[in-house]
Amino acid sequence: MSPVNLSTQFAGITLRNPILTCSGTYGFGEEYAAYCPPEALGGITLKGITPLPRLGNPVPRLAETPAGLLNAVGLENPGLEEFLKSYLPKVQKLPTAAIANISGFSLEDYVLLARALQKDSGLAALEVNISCPNVKHGGMHFGTDPQSAQEVIAAVKAETDLPVIAKLSPNVTDIVGMARAVQLGGADALSLINTLLGMHIDINQQRPVLANTFGGLSGPAIRPVAVRMVWQVFQAVDLPIIGMGGITTWQDAVEFMLAGATAVSIGTGNFINPQAPLEILQGIQDYCEKRGLASVHDLVGLAHRA
Amino acid sequence: MLTEGQVVVHESLGDEEQRLRRLVLKGPIARTAQAGQFVAIQVQDSSISSFDPLLRRPISIAGISSERDEITLLYRIQGRGTEILARAKCGDKLSVMGPLGKGFSLPEKGELWLVAGGIGIFPLYPLAHRALTQGLTVRLFWGGENKSFLESAGLSSWKALGIPLHLSTLDGSLGQKGLVTGQAQELLEKSSAASGGHIRAAACGPKKMMQAVTELCKNYKVSVEVSLEERMGCAVGACLGCVCTLIDEAGVLIHKKVCQDGPVFRGEEVVWDESC
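For the record, the sequence lines run as chains A and B.
The first sequence begins at 1 in UniProt numbering and counts up one residue at a time.
The second sequence begins at 1 in UniProt numbering and counts up one residue at a time.
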C-alpha cells in the first residue's frame with residue numbers, strides 16, 4: 001500500500017502534516033521539544049502577543065472542571081519588541097512551520113502587530129485572535145460583533161503579506177455570520193474555536209476559583225460545540241478551517257476533519273499527554289490507510305456527503 | 001521525560017486519619033532527579049482514558065534512589081485527583097513527566113537550616129540527605145498540627161538522620177506549642193552573633209509560613225530558598241497557568257513560572273502579596 005500523503009496546503013500555507021498546536025498551550029515552540037519533536041508537527045501556533053508586554057491576570061489562573069479546563073491567563077506575553085528580539089530568532093530555527101498569534105485592544109494594536117510580522121520574518125502565517133475572553137475590553141469585542149471583526153481582519157490584511165487566519169470566538173449566537181464577516185474582511189483561513197466563557201465557584205470558600213472570576217473553557221468538554229461550529233461554517237463559507245477544541249485522540253482529530261477541518265490543532269490535550277500530537281498523527285495516518293484514502297486531505301468534510 | 005512509572009509500593013503513611021500515602025515508582029526518573037524537583041503524574045492508569053480530573057497532578061519528589069531506579073512520592077489525599085491516585089495498586093503503571101522544575105541549591109560548606117510547615121516536609125528529606133552526604137551541618141525546624149501528624153509524616157526517618165530537630169505543633173502535643181518560625185527565631189537570636197553568612201535556609205510549607213520565614217531570614221541576613229506551589233496546567237512552562245510574582249534586581253515586578261523557573265526561588269525575590 002502506498003503511504004498516505006500527509007502534506008497539507010491551504011491559504012498559501014504548506015504544512016508537512018495537518019497537526020498544529022494551539023496558541024497559548026505551546027509557548028513559543030521550545031517548551032515541549034523534549035516530549036514531542038517539533039519536526040514531527042505540521043506547525044506550531046505561538047503564544048499570542050500584544051504590542052506592549054503584559055503581566056496578565058493574577059493567580060489562580062486555572063480551574064479544572066469535568067473534562068475541561070478554565071483558564072484566565074490574560075494574555076501574558078513579552079510584547080512585540082521583545083518577541084522580535086528574543087523569541088523570533090529561536091522561532092525561525094524551529095524545524096517546523098510557525099504561526100504567530102496576535103491580540104489587541106484597538107484596531108491600531110492589530111495594525112502595529114501585523115505591520116511588524118511579514119513573510120520575511122520566517123513565519124508561515126498570522127493568526128488573529130479576535131476572541132480572547134480573559135481581558136477587559138479585550139479582543140472579545142472584535143470577536144462578537146461581525147462589523148468589527150471584518151474591520152480588524154481587513155486592517156491586518158492590508159498590513160501583512162502573510163496569510164491571515166481569523167480565530168473565532170464560540171461565544172456568539174451565529175458563528176456562520178462571524179465567519180462570513182471575516183471572509184469579507186479578507187481572511188485566508190479560520191481557526192475554530194477559541195474557548196467558551198465559563199466560571200467555577202469554590203463552594204467551601206464561597207467565591208470564584210479564578211482570580212479573574214471568568215475564564216475560557218477548553219478540553220474535551222467543548223469538543224461537540226467545536227465540531228458543530230466547524231460543520232456549520234464548512235457548509236456555509238468557502239474558507240479552509242483549522243479545527244480545534246478538545247482534541248485529545250486521533251479519533252477526535254478525524255471527527256474534526258470529517259466535519260470540514262483541513263488541519264487540526266491540539267491545545268489542552270498536550271497537558272494531558274505531551275506526545276498526543278504524535279499519536280494523533282499516527283492514528284490519522286492509519287485511519288486513512290485502512291479506508292484506502294491516498295491523502296489526508298481526502299478526509300476533509302467527508303461527513304457532509306449524505 | 002515522559003515515562004511509565006511502575007508502582008512498587010503504595011501504602012498508608014502512619015495514622016489513617018492523616019490521609020497520607022507513600023508511593024514508590026520504578027523508572028528512570030531517579031537517575032537525574034534533584035531535591036526540590038517534582039513530577040507531573042497522571043492519577044489514573046494510563047491505559048484507561050478519563051477526563052475527570054483532566055490534568056496531571058504535580059507532586060514533589062520525596063525520595064530518590066538512583067541505584068534502584070526508584071522515586072518516592074508522599075502525598076495527602078485532599079481532592080479528587082489524589083483520591084483516584086490513592087487507588088493505584090502495586091504493578092500498575094502510571095504516566096509520569098519528570099523530573100520537572102529547578103530544585104534547591106546547596107552551599108559548599110556551612111549550616112543548612114530546613115524549615116517545614118505540614119506536608120512541606122516531604123521535598124526536604126532528599127535535600128537533607130544530599131546535604132549530609134556533602135558534609136554540611138543540617139538542622140530541621142518542623143511545625144505541624146499535632147503529634148499524630150508529625151509521627152505519620154515521617155518523624156522517625158528524620159530522627160534516624162541524627163540531626164537536631166526543632167519540632168512544634170499547634171496544639172502542643174509534641175515539641176513546642178506554636179508556629180515553626182518561633183523556634184527558628186529563638187535560635188537565630190541566640191546564634192546571631194556567630195551566624196550571619198554561614199547559615200543557609202530552605203523552606204517549604206504554606207505560603208504564609210514561607211513568607212514569615214523569608215522575613216525572619218532577611219532580619220538575620222540568612223539567605224533562604226522557598227518552594228512555591230500553584231495550580232499547574234502544562235508543567236513545562238508553556239501555558240503560563242502557574243506564574244508567581246518576583247521582584248527583579250532593578251525593582252521591577254516580573255512573572256516567573258513555578259513549574260519551569262521554580263518551584264524553588266530565593267525567598268527575597270518573591271512578592272507575597274496575592275493581588276499581584
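Quick caveat, the hints were computed from the structure, so don't treat them as lab data.
Keep in mind that a hint or two might mislead.
[Said to hold, decoys possible] Which residues of chain B face chain A? A few of them, derived with a C-beta cut under 8 angstroms, are:
| hint | residue |
| --- | --- |
| 1 | L2 |
| 2 | I48 |
| 3 | C90 |
| 4 | E230 |
| 5 | G237 |
| 6 | L240 |
| 7 | H255 |
All C-beta atoms in this analysis are idealised placements derived from N, C-alpha and C, irrespective of residue type, glycine included.
Task: Restraint satisfaction for E230/B [CB to CB of chain A, less than 8 angstroms] - done: holds (6 angstroms)
Task: When the least beta-carbon distance from L2/B to chain A is tested against 8 angstroms, hint result - done: With a closest approach of 6 angstroms, the L2/B hint holds.
Open item on the list: Quick check on H255/B please, does its C-beta sit within 8 angstroms of some C-beta on chain A?
Closed with: holds (6 angstroms)
Open item on the list: Under 8 angstroms is the threshold here; is the Cβ of L240/B close enough to any Cβ of chain A for the hint to stand?
Closed with: holds (5 angstroms)
Task: C90/B as chain A interface residue, shortest Cβ-Cβ below 8 angstroms - done: violated (24 angstroms)
Open item on the list: Please check whether G237/B passes as an interface residue: C-beta within 8 angstroms of a C-beta belonging to chain A.
Closed with: holds (5 angstroms)
- [ ] Double-check I48/B for me: the hint is only fine if its C-beta lies closer than 8 angstroms to a C-beta in chain A.
- [x] violated (13 angstroms)
Of the numbered hints listed earlier, those contradicted by the structure are 2, 3.
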